[in-house]
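Chain by chain, the residues run as shown.
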Amino acid sequence: MVKEMKMPLLLGALALVASPVLAQQKPIPADSVRTIVLQEVAVVTKRHDHQQHLQNFYNANQAATTEELMSRMPELSFIRRGSYGMEPTIRAYSGGQVSVTLDGMRIQGACTDKMDPATIYIEPLNLQRIEVQTTGASSMQGAAIGGSLDMKLAEADFADERKLSGSVSSGYQSAANAMMGGLRLSYAAPTWGLRASGTYRKSQNYRNGRGEKVLYSQYEKANYALSGKFLLQDDLVLKADFIADDGWKIGYPALPMDVGQANARIGSVSLVRDNSERRWSRVEARLYANRIAHYMDDSARPDLPIRMDMPGLSRTSGMYIEGTTAPGHQQQLTVRADASASYLTASMTMYQEGQTPMYMLTWPDNRQLQSGIAAQYSFQVSDKTQLQLNSRVNMSDFAVTTGEGRNQLSVFGYESTARQFLIPSVSLQASRMVYKKLKASLSGGFNGRTPTASELYGFYLFSQFDGFDYVGNPNLKPEKSVQGEFTLSWQEPRLRLQTTAYASRVQDYIVGAYNPELSAMTIGARGVKIYYNTPYALLAGAEASAVYNITGYTQLVSTLRYSYGSNADGEPLPMMPPLRNITSLRKYFGDYLWVQGETELAAAQNRNSESFREQPTEAFMLWHLRAGYQKETEKKVWQLNAGIENIFDVHYREHLDWGRIARPGRNVFVQLSVGF
Amino acid sequence: MKKYTWLTLWVLSLITVFSTGCDKDDDTPTPTFAYQKIAEGEAAGTDIKIEIYSNEELTTGYNPIYIALFDASGKRIEQAAISFQPMMDMGMKQHASPIENPSSGQAVDGYFPGAVVFTMPSGEMGSWTLGVQVQVNGETGTFTTPVTIKEPTTSRLKSFVSKTDGAKYFVAYLQPQQPKVGVNDLEVAVYKAIGMMDFPAVTNLTLALEPEMPTMDHGSPNNVNPTHTSSGHYKGKVNFTMTGLWHLHLTLSDASGEAGELHFEVNF
Ligand SMILES: [Cu+2]
Ligand SMILES: [Cu+2]
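For the record, the sequence lines run as chains A and B.
The numbering of the first sequence is the numbering used here, which starts it at 1 and goes up by one.
The numbering of the second sequence is the numbering used here, which starts it at 1001 and goes up by one.
Simulated from the structure, these hints should not be mistaken for lab results.
Backbone N, C-alpha and C fix where the C-beta goes; we use that ideal spot for every residue, glycine too.
Hints may contain errors.
Simulated crosslink set (SDA-like; lysine to any residue; CA at most 25 Å straight-line) [as the list claims (entries may be wrong)]:
1. Lys1237(B) / Asn407(A)
2. Lys1180(B) / Leu313(A)
3. Lys1237(B) / Thr402(A)
4. Lys1237(B) / Leu313(A)
5. Lys1180(B) / Glu404(A)
6. Lys1237(B) / Ser416(A)
7. Lys1180(B) / Asn475(A)
Away from chain B, derived, C-beta distances all over 10 Å, residues of chain A [to be verified]:
8. Arg129
9. Met179
10. Lys213
11. Leu236
12. Gln355
13. Arg406
14. Ser441
15. Glu492
16. Leu495
17. Thr599
18. Gln630
19. Glu634
20. Lys636
21. Asp657
Construct all of the structure, not just a fragment, from the sequences and the given hints.
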């Protein structure tokens, strides 16, 4: 890290490696960025030196999915509707409030029920790192009020000597009787490199803490990624990336429907110029396109009054250009311009024998054009003081594109469905070393977000969460947020403590309001809600983390977080994660074996939203044990990871889990991989 | 729009490169309907030739009828008074049905438009004839032709006995003919039976509309109750939120209260 350590680099899988890591990459770090560097990936893409082999161990459960890795970051929680396709939330902001991008590329989910967040299209095997930004710094990625989550793709490499390398891995998890297999091949040459990887997962219905099978929680998926890199000039690189992700028979126990098939195709071409001699030390331009097809049906469910298919399609293409320059001594300016066009459509067909099929567009064909210019300016005022200014202007233009779609919306008297939004955001962050190694950062700003396609145009979208059909409202105003954040951190080689408190007031907070005059479309639904702007909502919370290297071979990592939300009437907001702590103690036995004990604690959540019929959630405590062993031969690196999660088979659910579905009980996992 | 100039620039470049999400204006054009000849003949006692047209096969319910008249030289007659005389012979008895005679004496594009509401299908119960009486320049004559009335797959005519005056009422379905998911024009026509031969249009009713999807047990929002326009026609709006089988429930009331209720099926 900043100070080279001879001993194992003590970075837990759940460590917060914010500033130190970035400090190596950028001259001026952004305090509000949290990064998880997946060391497993770092190893395979970089040189095979001893230290990096050791870092392999830090990714504790290598059979884990990207979602499982992310859920350990204190800022992130997941709304869970099934064991796959969980929706990421940042500090209790969800959906359209957060910007989730894949290597800077926008991907619109094709599911009206949010079964397909962009986080499912990347596997740990092709993930380089995850960047979570809260408050203002997220404005580089998009117009959001809740921060941004960006997943950096692993890249191919160049090498002076032509070289083929790769890895094969396989894993098993007992709770869901799940298998995974992964394969990676990389070829590096002096002026070009290729990297190909594939991951296959098949998971059965998992067993909960009472030994019961949770029906419809199975899934099967395959992910393929191919990336190429070509050195065009000394400082100019052309990159091409392609990801194909296919899922089948993905169960959602908390929903009335499952996914028969989900296909994503994601591609991009980019040019990167990296040259510190130039005025613009780094310039990146990228063109991208993706297509997501989603087929939701209820064919696996028994005894239904009516059979239903709900396919959805999303297409997005876009571009961005980003450049970094130093306008003056100790200053850095990054400017980004981006634009994208997304097209969405989703429909529902119900079948009743002897009748014409019942058909409607649940997302009337619509498109969204968005474009923004963002700038991040950092200034190291003095040895101790640093300023960062983030700003963005975002324009977007929404429209329903077909007469069929417009006809449908006219049922609600919505004559004009085209909308344009102009969303400015500005935030300022000041950091100062206030006392010895104690650093304080204060940031404040305002930002906003556009309504989503569902909120504008959704047509009887059933939400299992509160049992209502939701109808969009093209007359919505954007949500606007004013927020502040205060961070104190203490940093020394063996100890790093950080605590953050934040608060925000969201103006025109969008929720659905029950309209008793409307009759629900979905059989069994309790009524119809129409989205509207409530006066405001308040969200606040705190996070704390500690990374303590007790000895060179023993490390303690602990994170704590709490969120609080209330609406204008003082009622709690739904889906607020309760107080939660994860503490791990890891011990190394020599350089090849480590063992880690871990506790996961969540307090009860009794601040539940009555108007959403949300139920309180009980507290729970889990114990996990993980271990890793590595054996190096002359040409190969063997790794074995194993452990037991939820050792005491606790029957529990998290507050953000829909449908009061219990989480998995005791889970024994084992993963073996060999790299060459 | 000035502030959107650079947005437009970005967007244009995007669209030209990827052509994603281009608007499709696929509002279906209103179909031009065809005239279908049912019968032709001479009005008795005159040399006026009468041609009778409809849009489709004649069915139980409201049928637009178009009359074309020609003089002895084969020239179209543009000015005439026309009345329809539908009659069903049921052996023991005879009855007529509600009619709408061409409202003006002037032909429209060569045709005199009117309508006949056949109240039952032809069959073993009896057979229909349609008489067309014309009056041109003081000359009067009638042409009568047998017609076959079919029962449509979904019923387009309903009747009820009024709870308020004990009379039999007929309600004919006119619109929507091409229902779509969205807002549709709704039109019905109401007639009252006075004896066997007189079926005047009823103009003083209040209609309440409630669409329902019987298989799913839901309705639709923002419908507009049909109100009387002219000649017993009531126009409103019906909204369909999805395709499939709908029931349009109509409750008809007069000054003294609810007279009756019925429903039409719409399956699309
Ligand atoms: Cu779905
Ligand atoms: Cu329905």
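**OP:** Decide, holds or violated, for the assertion that all CB atoms of chain B are farther than 10 Å from the CB of Glu634(A).
**Re:** Holds: least Cβ distance 50 Å, greater than 10 Å.
Subject >> Exclusion check [Lys636(A) not at the chain B interface, CB over 10 Å] >> reply: holds (45 Å)
Original post:
Thr599(A): least C-beta distance to chain B exceeds 10 Å?
Top reply: holds (48 Å)
**OP:** Run the C-beta distances from Ser441(A) to all of chain B and say if the shortest one exceeds 10 Å.
**Re:** Non-interface label on Ser441(A) holds, nearest chain B Cβ at 33 Å vs cutoff 10 Å.
Original post:
Per the stated criterion, does the least C-beta distance between Asp657(A) and chain B lie above 10 Å, as a non-interface residue requires?
Top reply: holds (29 Å)
Original post:
Within 25 Å, alpha carbon to alpha carbon, are Lys1237(B) and Asn407(A)?
Top reply: With a Cα-Cα distance of about 13 Å, the restraint between Lys1237(B) and Asn407(A) holds, given a limit of 25 Å.
Original post:
Straight-line Cα separation of Lys1180(B) and Asn475(A) no greater than 25 Å?
Top reply: holds (24 Å)
Original post:
Would Gln630(A) pass as off the interface with chain B, using Cβ distances and a cut of 10 Å?
Top reply: Given that every Cβ of chain B is farther than 10 Å from that of Gln630(A), nearest at about 46 Å, it holds.
**OP:** Would you assess whether Met179(A), listed as outside the interface, keeps its beta-carbon beyond 10 Å of every beta-carbon in chain B?
**Re:** With a cut-off of 10 Å, Met179(A) remains clear of chain B, as the shortest Cβ separation is near 37 Å.
Original post:
Holds or violated: Lys1237(B) with Ser416(A), Cα cutoff 25 Å?
Top reply: holds (19 Å)
Original post:
Is Arg129(A) truly not at the interface, in the sense that its beta carbon sits beyond 10 Å from all beta carbons of chain B?
Top reply: holds (28 Å)
Original post:
Since Arg406(A) was said not to touch the interface, does its Cβ keep a gap of more than 10 Å from each Cβ of chain B?
Top reply: violated (8 Å)
The structure fails to meet hints 4, 12 and 13 from the earlier list, while all remaining hints are met.
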